[in-house]
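**Student:** Below, each chain spelled out in residue letters.
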Amino acid sequence: MKAGSNLEKILEKGQFAVTCECGPPKSASGDVIRQKAKMIKGKVDAANITDNQAAIVRLSSFAAATILMQAGIEPVMQVTARDRNRLAIQSDLLGASAVGIRDVLLLTGDHQKLGNHPEAKGVFDLDSIQMIDMARRMRDERKFQNGEQMDVPPKLFIGAAENPLAEPAEYRVPRLEKKVVAGADFIQTQGVFDIERFEKWMAAVRAKGLHKKVHIIGGVVPLKSLGAAKFVNDKVLGMTVPDSLFERMKKASDAKAEGVKIAVETIEALRKIEGVQGVHIMAIEWEEKVPEIVEKAGLLPRPAV
Amino acid sequence: MIVGERKSVTEILEMTKGYDRIFVAGCGTCVTVCLAGGEKEVSVLSSLLKINGKKQGHEVKVVEGTIERQCEREWVGEMKDKVRDAEAVLSMACGIGVQLVAEMYPEKPVLPALNTTLMGFPTQHAIWLENCRACGDCILHLTGGICPVTRCAKQLMNGPCGGSQNGKCEVDSQTDCAWALIYYKLKAMDRLDWMSKIQPPKRWDIAGHSGPRKTVKEEEVVP
Amino acid sequence: MAAEAVAAVKKGTEADASFQPRIVAFCCNFCAYAAADLAGSMRLNYPPNARVIRLPCSGKIEILYLLRAIEDGADGVMVMGCLDGDCHFLNGNYRAKKRVAAAKKLLEEVGIEPERVEMYNLSSAMASKFAEMIADMTEKVRRLGPSPLGTGVAK
Amino acid sequence: MSRTAMVIGGGIAGMQAAINIANQGVRVTVVERSPSIGGNMPRLDKTFPTMDCSMCILAPRMLEVARHPMVTIMTNSEVRRVSGQAGSFTVDVLQKARMVRDTCTACGDCTKACPVAAPNEFDLGLSTRKAIYQPFPQAVPQAYVIDKDLCLNKGHLIACERCSEACNAKSVDFSMRDETVRLEVGAIVVATGATTFDPTALEEFGYRRFPNVVTTLELERLINAAGPTRGRLVRMSDMEEPKRVAFINCVGSRDHKSGQEYCSRICCMYGMKDALLVKEHDPSTEVTIFYIDIRAPGKGYEEFYRRIRFEDKVAEFIRGRPAEIAENEDGSLTITYEDTNEGGIKAKTFDMVVLNVALVPSNDTGELAKILGLETDKWGFLKAPRVSGGPLDSSGGGLYLAGMVAGPMDITDSTYRGIGAAARAAGETEGDRSFPEPPIYPTLSTDEIRTGIFICHCGKNIASVVDIKELLEYSKELPGVVYVEENMFSCSEEGQRSMVKSITEKGLTRVVVAACTPRTHEATFQEALREAGLNPFLLDMANIRNQCSWVHPDGPAALSKAKDLVMMSAARAANLSALDVTTVGVVPRAVVIGGGIAGLSAAREFVSNGFETHLIERKPYVGGNVAKFSSVYPQETSGGELISEITCELSESDKFHLHASTAIDNVGGYVGNFTLTATSNEFVSDRCNLCGECVKVCPVKVADEFEEGMFSRRAVYRKDTYPPRYYIDAEACTKCGECVKVCKPGAIDLSSKDIELESGAIVVATGFEAGDKEQLRRWGHRKSKAVLTTAELERLLSGTGPTRGKLDSFVADPKNIAVLLCADMRWGRNGYCSRFCCASGLKSARELKQRYPAANVYVLYESMRTTWTQELLYEEVQGLGVRFVAYSFEDMPKITTGDKPRLVVKDPLMRSTLDLTLDLLVLSVGGIPSHGSEELMRALRISSSPEGFIQEAHVKLAPVDATNSGIFIAGAAQFPRDVGDSVAQGCAAAARGMAIISREFIEVGGVVARVLSERCAGCMTCLRTCPYDAIFIDREGLAEVNMAKCRGCGICTAECPAKAIVLRSYEDDQIIPMVDALIGGATNGG
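Protein chains in written order, with our numbering: chain A, 23 to 327; chain B, 412 to 634; chain C, 11 to 165; chain D, 302 to 1387.
Don't read these hints as lab results, they were simulated from the structure.
Backbone N, C-alpha and C define an ideal beta-carbon position, used for all residues, glycine too.
Fair warning: there could be bad hints in the mix.
For the chain B half of the interface with chain C, some residues (derived, Cβ under 8 Å), not all of them [as the list claims (entries may be wrong)]:
1. S419
2. T421
3. S454
4. V455
5. S458
Next comes chain A alone, as it looks inside the complex (with noise of 0.2 Å):
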C-alpha cells in the first residue's frame, strides 16, 4: 500500500471502483459541498473535488476535499499546474497528506483563456507528468523537487487524467506511458462516449501491458438533454458525443432518463473491457443522479474494505 485509502484498497483488490466528480462552488458555502456529499455517500468509493474547473474560480479544492472528507467521502483532491508553481504545488500535496487526504489527481489544467478570468497569468511551472514524477519521489523518495530531503513524506495515492481522444492520437498511449512511469498510480479518463474508439484506445493500451501497471478508470458523462450532448461536443474539450447517440437524445420522449439509460449502458461496456478497473461518473452539476446510475448499473453495494 502506497497511501492506505480506500480507492486504492478495492483497484488493488482487483475490484471494480466507482468515483463520481463533485465540483465545489462558486462561492464560500461549505454547505454545497456537504449536500452533495449527502447525496452520493455510500454509492461511490471516492469522489473528485476538481481544482478551479475549466478555469473558473470556485472554492479551493483543498478545503472542499477537507470538508468532503469530514462529512464521511473519501477525497480526490485535484490539483493543476496551471495556478500554482512547484513550491505552491509540493506544500499543497504535503498539506493534503497531512490532513488526511490521500487520492490526488494531478493535471495541467484547462488553459485561464477559457475560463472566466481569461486575462489571467497562466503559471504552467509543471505539466502533468513533471507534477507525477514530483509527487512520487516526494512519497517515495521523500525528496523534494530540488532535491532536498524531507523527514515526514507525504501519503499520496497519484492519479493522473488522460484524454483518448485527444491528438495527434497515435501520441496518446505513449503519452500515457510517460504518465505511468512518472509515478501514476490510477488514471481517470476523459468522458467515454464512443465505445467504438475507446476500445481501440485500450486495445493499444493492453498491447504495451500498461494496464496491470496502472489502473484504469474510464469516465462515464450522464447526458441531461440534447442540448448538453451539443454543449459537451462543441464545447468540451476532447469529447465527441458520436451521431448515433444524438439521434437517440433527440427521439427521446424523456431526455433526463435517456441520458441515464446511455450512462448506464456505457459502464456497462466499459466493464466488458479488458483493463478497465472502474467508472468515474461526472454528473456535471448533476450530481443527484449518480445514486441512480450507480444502482442501475449494478454497481451496488459498494464493497468495504
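Let chain A serve as the given structure and place chains B, C and D on it in line with the hints.
**Tutor:** Chains B, C and D in isolation, oriented as in the chain A frame:
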C-alpha cells in the same frame, strides 16, 4: 526580429496631449521591417498629430526623424538636436528603443507609440508569428526546431495536453498545437524517442523570472 | 462653421448649397482616368469640385497622401480604381481599398468624419459612372460641411 | 523579298497580327475598310468569362497599334488588286477620302454643325450620327470622317460646308480624293472577321417586325454605359425596362434552313454573358435561356456556365428550340416551344426576346477571296487546308488567316491566331529586321527650375469655356514659372514648332502643357521636349479639356478648376527629374520546352525566321500525343504524318537543336536573358544505324507509354517517331551495359550530361496527359479488357500501331458498343470541359460503327459540345444510325465490370432505362496537366490556373504570354485544345518570343521603380508585393529592381516601410506638392 504594432491613435493622442512640439522618432531596423515604426509610419503618425492639432485649433509642430536603431547609444545620440527642440519624444521603436531614448534624454518625456508584441518571423507578408520567448535555455534540437515554450500555450515540456484537437490548440482553434507539429516533425525525422523521455521541470529563473537578465561575452569585456 | 455643418447633417436638414467642397480624386491611369476622359468626350456634366491626380495604379495610393490632403484642408478625398478583379496590375485596387479603409479608421480616431475619404471602383467605359461618383462625393461632402481643418473659404 | 507585310482587317485578330509582325522588326500596313480600327470588340460591353470591360482591355491595344513606329494604318481603305506570290506581292489599296485631315483634334465642333443625321452603325442603328462623325469616342485614328453618301456638300451642286466653317483646326478638306496606293509586301494576313447573321429571314422570330425582339449584339449596345441609352436596358416599344427577358440560342446556327449547319461556337457563352449583364442591370429581371446544348468549351467557360446556371441561378435554362414568337398587344412576346427535357409544347411570355444569332462571313469575304485567289468553304469562310499549318495557312502561299475570317471563334482564339499568323507572315519577309533607333533621352542639367506653361485653346473646345487670358495671367504668377504661351492647337505642327522654339529660347527646364489628356497626347509633347533637347520626362500635362471645359459648361467654375489643374501641374513639374532609358542586350536564341505539336510548331517558326532554337523534350522522341493519333480530325492525315511533316522541315535546318530525354533543372535570369540548366539522358547518338541488336539484349521490360501502357517494351526501344533512332528510357534502364556491348556503331553512352543554355525567350509547350486515370477507374478502366479510352483506341486503330489497326484481341463480333463522353471531365476533381473530347468520342463512334455495322453503337453524353464544323461530324454519326443517349451528372450511367461491362443508364428522351451488356466501352478522355508541369512552373516562376494548367497573362488579349515576362505558352499546356489550335498557338508563342529575340537589346527604364539603397532595410516587402517578380535582393542584402521586369505600377513604393523605393515620376515629392498646392495654395476654393 522584434515585432511591434502601433498603439491606437486614441491612446497616442491621449499621451501626447498638451505637447505642441513633438519629435516623432522612427527606428530603421526591426520595427521598420515589421511595418510598424519605419519612416513611412512616422510620416503617417506625424500627419495624424498635425490633423489633430489643427482640429483642436492650435498648431502642433511635428518633427520627423528615423534613425538606424534606437537600441544603440551612438545612433540615439544622433537625435540630440531634434530631441532638444521638442517638448516630448514619441518613439516608434520597440520597448528597448523607447527605454534607451528615455535613459539618454532624461529631461524629456519619451512616449511609446508602439506596443512591442513579439519576436518572430512573417509567415506571409504582414503576418508575423511569435516563435521565440528568449527563455535562455534552448531545446529546439530536441523538438524538431519547433519551440514549445513559445508555441504551446501552457509551455508544456512533455507532449500535448488533452486539449489538442485536429492539430489545433485548445486556446484557439486557429492556432496550431505546437506539440502536434513537434510530434509529426519528429515522426518524419524518425526521432520520436525524444518525446518518450520525461523532460524535467524547466529552469524558469533564466527565462526572465528572476529580474532583468544580462548577457555577457566575457572575453570581450575589458576593465 | 464646421460644427454647424455637422449639426446640420445630424438634423437631416439640407446642406448649405453655396458651399463648394474641395475634393482631391486620385485616379488610376487605366480605368478611372480613362473613364474621366471618356466622360469628357461624351460631354457629361458633373460638379466641378474634384481635382484629379493621376496615378499609374490605385495601388500606388498611400495612406499618407490621403491624410496629407485632409491635413491640408481638403473637404474630401477620393481614390478611384479599376473594378474588383480587373486591376491592370493584378491586385493594386484591392490594396488601395484596404488603405482607404485604414485611413478612414485613423481619421475617425482623430475626430474627422471618415466619410471624407472614399474608394470608388469603375471601368474605363463607365464615363457616366465617373460623373455620378464625382456628383455623389460632392454631395456627400457638401452634407458633411467644410473640413474642420479648412481655411473656411466658401463661395 | 519584300520586308513588309500587310494585314487586311483591323479587328482584334488583325491588330494582334499587326503588332506582332511589327514587334519582330517587320514593317506592316493595316488596311481597314471602316474609319477606325477595332472591329467588333468596341461594341461589346463585357467579355466572358472574366467579365472584363471590353473597351478597357481593347483601348490600350488600339493605341499601341496606332503609335507603333513600324505600323501604318490605312482606314477607309480596301484591297482592290493583288498580284505576285509569297515573298513579293504587289497590292493595290483604294484609300477612300476621309475629307478630314489628321490635324483633326476630335473636338466635335463639326458634328454639332452638321445638319444631316443617319442611323449610327456602331450602335447598330439604335442611335443616330451625323454625316461628319467619329465612329466611337475611342476610335483610332481619332480624326473625324465624312460619310460621303450622306454629306450634302456634293461638288458644286450644293455647298453646305457648315462643318469646315466650324472647324477651328481647319482640318475638313473637301478637296481630298480617293486614291489608289500600290504597296509591295512579302506576306498578307487576312483578318476581315465575320458578321452576325441577320435573322429577318427567320420569320417565326419576328425580328424587325416586333420591336422588342433584338439580337445579342444590339443588347450589348443597349446595356453599354456608353451606348445609346447610356446603359439603361429598355425595350424599344415603350422604352420601359423589361422584367422578363428570354434568350434564344442557335438562331441561324446548327440550322439547315438558314444555311448554317455549323455551330457558331461562341454564342452559348456570350448569350450567358449577356444574361448575366441583364441580371446585373436589374437583379429582379427574370432571365430565361432557350438552348439545345450548352457549349462552354474553353478555359474557365464550364465554370462560368455552372455559375450562371446553378450557383448564381442567373437564368432559367429551358432545353428546346422555340417554334414561334407572337407579339401581344402590350408589346410582350409569347414564345411557343417544345420542351425537349420535359416533353410537350409549351408557351411563355416575355417583355423582350434576345436572339443569339449565328456568325457568318463578312459581306466582302467572297470578293476579297477572289482578289486574293483564295478558296472558301461552302459557307464563304476562308479555307485552311494545310494540316501542318493549322488554321493559319490559307489555300494560297504567303497568305495567312487570322480570326473569324476562317470561322466563328472567341476573342482568345482570334488573338492567338492573329499572333500566330504574325509569325507565319514574318517568316515570308526575310532579310534584316529593322527597328527604329532607340530615342535619345537628354540628361542636361535641370537643377534650375524654369517652368514654361503652354495653354492650348483646342480650337474653341477649351477657349470657349475657359477664359484663356485670365488663365495665362494666373499661370505667370505660379512658382518657378518663367514663361507662358497660348496655342490654338498645341498638338498641331505649328504648336509643336512654337513649343520647341520657346523651350530652347527661354531655356525652359520644365514644361507644363495645359490641354487635353496625357493618355493620348503625352507622347506627342514628350517628342517636342526631346526635339528641344530636354528630357521628355520633364513634362506634365494639365487636362483642362476632357476633365474641365468639356464637362463644366459654367465658365467661372471651369476657369477656377483649370487654374487649380495648372497650378498642380506646375507644382509637380518643378519636382520632376530627367529619367534615362537604357538598354540590355538580348540573347538571340529561343528555347522551347516540350516537343509535341505545339512545341514543334513554335520551333518551326523560330527556325524559319532564322533563330537558333533549342527544343527540350523529356521523352526520347518528339510528337507528343499527336504522334499517336491514327487520324487528325477533320483531315484524314495520321498524327505521325503530321509530325514528320514538321520534323522534316526542322531537321533540315542547322539552327535547330533537339535535346531529347532532357529535363529542366533550373531557370534563372529574365526576359531577354534566361539561363536554363538541364540534365540530358539522351544515351543514344545519331550514330545509331537502327540495326536493333540492342533491343535483343535488353533485359528490362516495362509498360510502353507510347501504346498507352497496353503493351510492354524494353528499356531500349524504337517508335516510328523523330529522331529516327533507338531510344533508351533512362528511368527504366538499369545501366547493365549489355546494349553498349552489342552496339556496333558505338552509338550508346549510358551517362547523363549537364546542359546549360542561354536564351532570350522561352516557350513552354508541355502539353497534356490524355485521361485522368483516377477518374477513369469509376468505369472499370484497366479492370476489364473491354473498357478502352479514346487514346488507347487511337493506338489500336492506327495502321502503324501495335496491332496494325486490328481490334480482334479486344473485341470480336460485338453486339453492343458504347462511347461515353465526359468520362473523366466536368465532374469529380476535373471541373472543366476539355474541349476536344466530344469530337474524339464521335470519331471513335464513327469508326466503330463503320467497322461493325451490325453492332448497336451508343453515344452517352451529358451535353454535346461539337463546336464549329465538328457539328457536321455529329450529324454524320447520327446519320450512321448511332444512338445518342443524354445522361445527367446527378444520375450518372452505372457500369458494372465483369467479363463484359454492364451499363445501366436512364434515357430521358425515351423515358426509359437502358440496360445493356457491352462488348466494348470506349471512354472519351480529356486532358489533364502534364505530369511534372507543376515543378516546371515553379522553376519558371509562372503561375498556374485553378485547373493546374499554365496561367496566361490575360485570358483574352495575352493568351500565350505566361505571367513571367519573356515566357510564352503554346498548346495544351495552357488548356486542352485540338491539333489545329495547338499549331496556331505554337506559332503565336513563337511570334511573341521573336518580338524579344529579334531585337539586339530591349529598352528598360523610364517610369520604373528605383531603390534608394541607403534607406533600404532589406525587409523584402517590395519583393513580396511586386506583382511581376521584378524585385530581387542583391548581394548586399538590399532590394534591387530588375528594370526589364518592372511595369511601373508603384505598388512596391506604397508598401515600402522605409520609403526606400520610389517610382520615378511618381515620387512623394512629385505627388504631395500637387496636394499641397491644390488645397494649401488654392485661393478660391471650388
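**Student:** So, for every hint listed, does it hold in this structure?
**Tutor:** Right, here's what the structure says about each hint:
A cut of 8 Å between beta carbons decides the hint on S419/B: the least distance to chain C is about 7 Å, and the hint holds. Annotation: interface hint on T421/B holds; nearest CB of chain C at approximately 5 Å, less than 8 Å. About 5 Å separates the beta-carbon of S454/B from the nearest beta-carbon of chain C, less than 8 Å, and the hint is met. The restraint placing V455/B at the interface with chain C holds, with a minimum CB-CB distance near 5 Å, inside the 8 Å limit.
Look at S458/B: its Cβ gets to within about 4 Å of chain C, closer than 8 Å, so that hint holds up.
In terms of the numbered hints stated before, the structure departs from none.
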